[in-house]
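> Next come the chains, spelled out residue by residue.
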Amino acid sequence: MSVATFLSDSIAVAENEFRQFRRNRSAILISLVVLPLFFTVSLGAGQGGTGTTFSPTANIPIGFVDNDNSVASLRLWQTLTSSPDFHNLVQSYDEQAAIAELGTKRIYAVIVVPKGFQSDLENGNQARVILYTDDSEPGVSDQIQSTLTSYVQNFDPNAEVQPHLSQLQRQSVAGVGIITKGAVFAGFNIGLTTVLAIVQIFAGFYEIAGGISREREDGTYARLMVSPIPIGSIVLGKTMFDVLLTLIRTFTVLGISVYGYGAKPNTDLFTLLALSLIVALVTMGIGFVAASLKLGQRAVVIIEFFLILFLFAFSGLIIDINLLVGASQIVGSLLPFTYAFDALKRTILLGRPLLSLTFDLEYLIGSILASYAIALVLLHISRERLIR
Amino acid sequence: MKSFVRDTVAITEKELKQLRRDPVSLILTIMFPILLIGIFIVIVSAFSATTHNVPVVVADLDGTPASNALLNELTKSRFIHVTQLVQTEDQAYQAVANAQAIGAIIIPQGFGAALATGNAFVIVSTDNSKLTSSTFVSAAVNQGAQDLVNQVSLEGGVNFGLKLAPIEVITRPLSGRPPSGDPILPGFLGMIAILGGFDDIVNAISRERERGTFPRLTLSPVSLFAVYSGKMFATVVLTILRTALMLVIFSLYGLVIRGSLILIFLTTILIAVFTLSLGLTMSTRIRGSATLTVLEIAMTFPLFTLAGTTNSPLLLAPGGRAIADSLPWTYGNDALRRLIYLGAGLNAIAGDLIILLVSSLILMPIAISLSKRTM
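As they're listed, the protein sequences go chains A and B. Taking my numbering, the leading residue of the first sequence gets 1, the next gets one more, and so forth. Taking my numbering, the leading residue of the second sequence gets 1, the next gets one more, and so forth.
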């Protein structure tokens, strides 16, 4: 078979895919509008964009009980209330009553300045502040504790007005300054790396594996397989179709992230498109393998759900792979998506040139080739069985 | 009324019978909790591991006893692993740029002398694309510096111009439990109720439509209200089973459940019923079971963040918090946390339960009315 025939068959398959796609309004909506929009907007709303500078603790209602009633405790109160991190500090006079309010959602923490606070400071002893927290709210206790600690560890009871400290100064230990260097990411850049990959994985897998399963359930898949079109053309045609959808989705996600949430990727459009395509091709390869296993549509959707959950845990989305423990680190290091996320972070966040990420690219391209080869063999076997 | 109850029970029985005959759905009902907990264990064990080996390079440009002491503290850290000692600042930065290390720690020239006047500093450069590891590097350097300060302060006669932090913060959590990842477990129970509710609606309506059995059901001498009630009761039964399975897993994991079990079951049932009501409304517009499942799964992932499953909605940006406040699931997850973790009573969670109930009561008639229109 000549290359021209092979290509014309592939284009015919791609055209058929587009025709079917065009006729399915809900598929268009889900693939090109709902998925990119839903993931980007929900993550953007949660993290905040460039225009949103917010302190997580600023609006959390926190009680403040001053049992010392001294100049030092008053200065601590003033320091906290005038800071951008504690806008909702409520003064209370009864420690037990304030603690009893915890768990009722009226307040989420109580800062208690015990008696002897000022005298400890005057005598050169380390004074104490007690923080009662509603630890049923995940993350809130740690956040309040670390913010409060950053203020009190640099607190000067002798100063009427505390000097304004930068975030870095607040992180420093008394006596040894710690100057932190490293890229600081603008706006929604971190969110962009996550959304770009997840949207392509979510949509790509369903379009390939789900599409073939739907054809199988409709009975058109068998007809396609017994047609004189080679398996390679079918796979290439479906890939071409999904590549175009991937590009549209990439532009949608980028548009919302950049114009809606102020993301400023540290890389060029070509790199973004190339990486997006690579992620999609890895997913499509796995999708073809899943499709060759004769799964039903429902099973495909379920596998998709588990795949995404799996990626959240193992591929560096929530926690860096080098922090994973034991076998989970080995699992993570085998997943091609781990390298895809790594490449996305290094380009979008750090501005590394794509071609400098040789290992990531080699692993990803190797995974694409391997998954497509496996899928071709499996599809070929399934066609042989069908013909026989 | 009697016939309504009888019809409802008949539909419930039919739903449960169908589930029993569908191995994929049956496995799914069991797999969701186990998989979610598995992922939780992977993440929590990574965060709570007592040691990490985050690779760092150190450039000691001072070479004094003081800088050696700091280097010694850094090598003792449980979180970082000093992989290389480099000669220059540039080499250290280059190691981070080339991904050979996640952090570079530079002890500048004059560190020892500056320590004597209390003006010492160290430079920490991190690969911030490694979002969690970079924080471990900063924390390790902070701890190393603090240990150095403590060490020299304790050594009699040597002052070095250093001082301890003037105030210590002592944290006392309301639950009295040691800090752990456990507070997110109740949110996972909420997610199971949500995922289960969505899965039930796909089984209950969309697949019946695809098989053509739904019109037959509605044409039978059973009221549409009884059909929906029956499907809802099937969800209630399944939610009770899923909740029981999750609570068993929690107990095996070592989580002490403080609240009333009846209230926990009631909360998960209300979460599932609200999810079912929403799913019913959506299913009137989206006919394909696979399409509906994809859409519902796509909706579920953002809920991990927005409905307070993994993190409190209090910590979200204002926009996200507004979305979280408008989602009834947020109140369900909140109620579960306070029930399971704090042992709160009915009066503490009544408001949350009312929000879930009212939301379901609003959505269910809308779903039935839209469903009638599509027939």
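Keep in mind that the hints are not guaranteed to be accurate.
Claimed, not checked - Here are some of the chain B residues that sit facing chain A, going by a computed Cβ distance under 7 Å: (1) 121; (2) 216; (3) 217; (4) 293.
Hints are computed from structural coordinates only; laboratory data are not their basis. Because the structure is a prediction, the values reported are computed rather than measured. By construction, the Cβ of each residue, glycine as well, lies at the ideal position given by its N, Cα and C atoms.
> Each hint should be assessed against the structure and marked as holding or not.
Going through the hints against the structure:
1. 121: Status holds, d = 4 Å.
2. 216: violated, 21 Å
3. 217: Residue 217(B) check fails; min Cβ-Cβ to chain A is 20 Å, beyond 7 Å.
4. 293: Where the cut-off is 7 Å and the nearest Cβ of chain A is about 4 Å from residue 293(B), the hint holds.
In summary, the numbered hints that this structure violates are 2 and 3.
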